[in-house]
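A.B. asks: Spelled out, the chains give:
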Amino acid sequence: MNTNHGMSGTKADRRLPSGKISLVRRIWKARQAYYFLIPAFAALFLFKYGPFVVAIFKSFYQWNGANINRFIGFDNFARMLQDQSLHESLRNIVILTSGALVANLTFPLIAALLVYHIGKKRLAEIARVLFIIPLVVPGIVLIHIWSWIYASRGGVLNELLKLIGLESWTHSWLGESATVIWALVFYNFPWIGGIFFLIYLAGFMSISPELFEAGEIDGMNRWNRFWRLELPMIRSQIKLVVMMTLIMQIQNFELPLILTGGGPGDASLTPALHLYNRAFLHNEMGYASAIGVMLFLIILCITVVNFKLLKSTDKID
Amino acid sequence: MRKQNGLISAIHYGVMIILLVLTLFPFYMTLVNSLKNRRDEIRNFWGLPRVFQWDNYSDAAVFLWPFIVNSLIVTGSIVAGVLVISTMAAYSFSRFQFPGKEFLFFLIIMLYMIPGFLLLVPQFIFIKNMGLLNTYLGQIFPPMALGATMATLLVREFFNNIPNSLFEAAQIEGAGEFLIFFKVAVPLSYPIISVVAIWNTITGWNNYIWPLVITSGDAVKPVILALGRIPGSIEQGLGLQLAGYVIASLPLILLFIFATRTFITGLTSGSVKG
Numbered sequence: 001m002n003t004n005h006g007m008s009g010t011k012a013d014r015r016l017p018s019g020k021i022s023l024v025r026r027i028w029k030a031r032q033a034y035y036f037l038i039p040a041f042a043a044l045f046l047f048k049y050g051p052f053v054v055a056i057f058k059s060f061y062q063w064n065g066a067n068i069n070r071f072i073g074f075d076n077f078a079r080m081l082q083d084q085s086l087h088e089s090l091r092n093i094v095i096l097t098s099g100a101l102v103a104n105l106t107f108p109l110i111a112a113l114l115v116y117h118i119g120k121k122r123l124a125e126i127a128r129v130l131f132i133i134p135l136v137v138p139g140i141v142l143i144h145i146w147s148w149i150y151a152s153r154g155g156v157l158n159e160l161l162k163l164i165g166l167e168s169w170t171h172s173w174l175g176e177s178a179t180v181i182w183a184l185v186f187y188n189f190p191w192i193g194g195i196f197f198l199i200y201l202a203g204f205m206s207i208s209p210e211l212f213e214a215g216e217i218d219g220m221n222r223w224n225r226f227w228r229l230e231l232p233m234i235r236s237q238i239k240l241v242v243m244m245t246l247i248m249q250i251q252n253f254e255l256p257l258i259l260t261g262g263g264p265g266d267a268s269l270t271p272a273l274h275l276y277n278r279a280f281l282h283n284e285m286g287y288a289s290a291i292g293v294m295l296f297l298i299i300l301c302i303t304v305v306n307f308k309l310l311k312s313t314d315k316i317d
Numbered sequence: 001m002r003k004q005n006g007l008i009s010a011i012h013y014g015v016m017i018i019l020l021v022l023t024l025f026p027f028y029m030t031l032v033n034s035l036k037n038r039r040d041e042i043r044n045f046w047g048l049p050r051v052f053q054w055d056n057y058s059d060a061a062v063f064l065w066p067f068i069v070n071s072l073i074v075t076g077s078i079v080a081g082v083l084v085i086s087t088m089a090a091y092s093f094s095r096f097q098f099p100g101k102e103f104l105f106f107l108i109i110m111l112y113m114i115p116g117f118l119l120l121v122p123q124f125i126f127i128k129n130m131g132l133l134n135t136y137l138g139q140i141f142p143p144m145a146l147g148a149t150m151a152t153l154l155v156r157e158f159f160n161n162i163p164n165s166l167f168e169a170a171q172i173e174g175a176g177e178f179l180i181f182f183k184v185a186v187p188l189s190y191p192i193i194s195v196v197a198i199w200n201t202i203t204g205w206n207n208y209i210w211p212l213v214i215t216s217g218d219a220v221k222p223v224i225l226a227l228g229r230i231p232g233s234i235e236q237g238l239g240l241q242l243a244g245y246v247i248a249s250l251p252l253i254l255l256f257i258f259a260t261r262t263f264i265t266g267l268t269s270g271s272v273k274g
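If you read the protein sequences in the order shown, they are chains L and H.
All letters in the first sequence, in the order written, are residues 1 to 317 by my numbering.
All letters in the second sequence, in the order written, are residues 1 to 274 by my numbering.
Hints are computed from structural coordinates only; laboratory data are not their basis.
Keep in mind that this is a model prediction, so the values were computed, not measured.
The C-beta atom is built at its ideal place from N, Cα and C for all residues, glycine as well.
Careful: at least some of the hints might be erroneous.
[As the list claims (entries may be wrong)] So these bits of chain H aren't anywhere near chain L, every CB distance computed over 12 Å:
1) Ala169
2) Ala170
3) Gly217
4) Ser233
[What the hints assert, rightly or not] Among chain L residues calculated to face chain H with C-beta under 10 Å, some are:
5) Ile21
6) Val54
7) Gly119
8) Ile247
9) Gly263
10) Pro264
Chain L on its own, in the form it takes in the complex (with noise of 0.2 Å):
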């Protein structure tokens, strides 16, 4: 620590402990800066640092919040290669984020671009506020009216079907373990009325127009347009997508819960919601933990290669 210090570079500073005596003194006549940051830092190391450690250290212990609390090791680390109802909550998650994917990168995007290119600026206005009134709705909101979209007796899918003359599709859409996984896939379909629908649109309108008018020169049609020029200038919008994507689809906790507390059996059991219940069904709360700290691990890795590739592309650029 102390070898950083020697800035001021005045004589006195030579002396073997003056590093100390400088820090000390430095620390000191900056104590208003430190004076503005105590609340800050007093809710960040009691509600987030403190049990983030309390959370990788329970992760060794047997602990049921309670009496119950014996280190065992790697104990709660070796269950989980035998726990069935985790693998089968890892396995539903990639099928939830590769579906998350394929919906986050295709309809927003279709939309924005559809928007964006509205001649008439009042049009786009109202297009733009319009598509993102699913966001405005409280979250909770959207997945109770999306349980009755998909429920079996009166939902609308069903009598959507009914009407059509489809009635031999109909499902119990969250009640099959056949149907339950892609219900939670085409929740909020088309799946526009997100924040990635805003942050498309924002890559777009930051395009320059020179460009636009450099590819009018050179007779781009609007297909070479859009896969040569717009696509590639939003490029770190959708790496953005990708990566919030990811790290959404990991945290995927409340729309199982909502719609069908993980079943039936554990066909829409997500490994987040699993944690929650280890820990507040059957009070594992070390075995919660050690999920907690694998998922933590996960994100860590996404944000560490996301952050290497930014890079790497922006030495390209």
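Fit chain H to the known structure of chain L by using the hints.
C.D. replies: Frame of chain L, contents of chain H only:
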């Protein structure tokens, strides 16, 4: 050439209208059916209500009102706490050079990599040990800590763009740092403060898991946890629950209508940073 352009623009608007209809259809269904009684709902599922069943709304509102008050208290306190904490921290990071600055800033950024549910269990135990289960404070503190962290980054960026001469002028007049903070920095930063306030209102109103874990019984539950179980007659059917969904969405919808631009900025910067 002209004909082709007409065709393309017809496709353009056609596709967009289809996507809009698909996006908005669930809300149309929710709205029209929230005003129907059970018989109307079965016979006339797709259309406008034949008889407007306003009872659905008044009954749902009576049941939900205490929960809405809870949500207002919790969300309001989260927003207030976030604003105080984050503007102070941002001021420090933006205005001062001090030992450990980089490390402390790193701790704030690092928080984004720690998923919420990893902290669910230890936070729950901590709140339980402090005797804050089933209280407003228990619902306020952890979300406030998270919101303040994100907000610090946003506000700091904003403070960085305030010309230094403004601060220096105040300093020459002999104002202390707290005075400069209140009299110069805060008044100048209303645009970013409103963005932070709206973003935290949205997340605060939406909080689900945390109150689900630490509240039992109805005394302090937020409205979002009370949905889908509004007691009513069989005759009212689903309409009552749907009316409840609409009522629980109203505060955010009103906020959106009256502050569309700030709302969108808040959503975008909030979810991208968060």
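A.B. asks: Next, verify each hint and record whether it holds.
C.D. replies: Here's how the hints hold up against the structure:
Ala169(H), annotated as away from the interface, keeps every beta carbon of chain L farther than 12 Å; the closest lies near 18 Å. Listed as a non-interface residue, Ala170(H) keeps its Cβ farther than 12 Å from every Cβ of chain L; the least gap is roughly 14 Å. The beta carbon of Gly217(H) is kept farther than 12 Å from every beta carbon of chain L, the shortest such distance being approximately 16 Å. Separation of Ser233(H) from chain L is adequate, the least Cβ-Cβ distance of about 17 Å exceeding the 12 Å criterion.
At its closest, the beta carbon of Ile21(L) sits 13 Å from a beta carbon of chain H; the interface hint therefore is violated under the 10 Å criterion. Hint status for Val54(L): holds, given a least beta-carbon distance of 4 Å to chain H, under 10 Å. The beta carbon of Gly119(L) comes within 8 Å of a beta carbon in chain H, closer than 10 Å, and the hint placing it at the interface holds. Interface hint status for Ile247(L): upheld, as the beta-carbon distance to the closest one in chain H is roughly 8 Å, under 10 Å.
Using the Cβ-Cβ criterion of 10 Å, the hint placing Gly263(L) at the interface with chain H is not satisfied: the shortest such distance is roughly 17 Å. For Pro264(L), the suggested interface contact is broken, since its CB lies about 20 Å from the closest CB of chain H, more than 10 Å.
Of the numbered hints stated above, those contradicted by the structure are hints 5, 9 and 10, listed in ascending order.
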